[in-house]
Amino acid sequence: TIVVGNPAIADASVQDASTIVLTGKGFGVTNLVVLDQEGRPIVDEQITVVRQDASSVRIYRRAEIQTMSCTPYCESSYKSEAEKTSEAEMSAGQ
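Sequence positions in the sequence shown follow the numbering used here and run 1 to 94.
Check before you lean on any hint, since a few could be wrong.
[Claimed, not checked] Estimated spans, in silico, between C-beta atoms of each pair: (1) Ser13 <-> Gln46: 14 to 24 Å; (2) Pro72 <-> Gly39: 37 to 47 Å; (3) Ile65 <-> Val43: 18 to 28 Å; (4) Ala17 <-> Pro72: 36 to 46 Å; (5) Ser55 <-> Ser18: 26 to 36 Å.
Treat the hints as calculated values from the structure; they're not laboratory data. All of these numbers come straight from a predicted model, not from anything done at the bench. The beta carbon of each residue, even a glycine, is placed where N, CA and C say it ideally should be.
Required output: the full structure, derived from the provided sequences and hints.
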């Protein structure tokens, strides 16, 4: 069994008994957990998806962290709930 914490950032599939294919879908950080046949974790790793040779910026909002790829403009394909709430509040105030 393969579990990707945030499927908006990466996808994983089993190619054969010894190969997992990871595909980046959006910029950011997520985790990858691989379980054996008994359900025990055999891999538990952090996965970071960025553009090749990218500079990155991390934005900290209380307990949430957003990582953005900045080459040459900062962009993120995934928005956290904190970012969505912040944008909604800023739009409502205008």
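Practice task
Give me the numbers of the hints this structure contradicts, sorted from smallest to largest.
Solution key: Those not satisfied: there are none.
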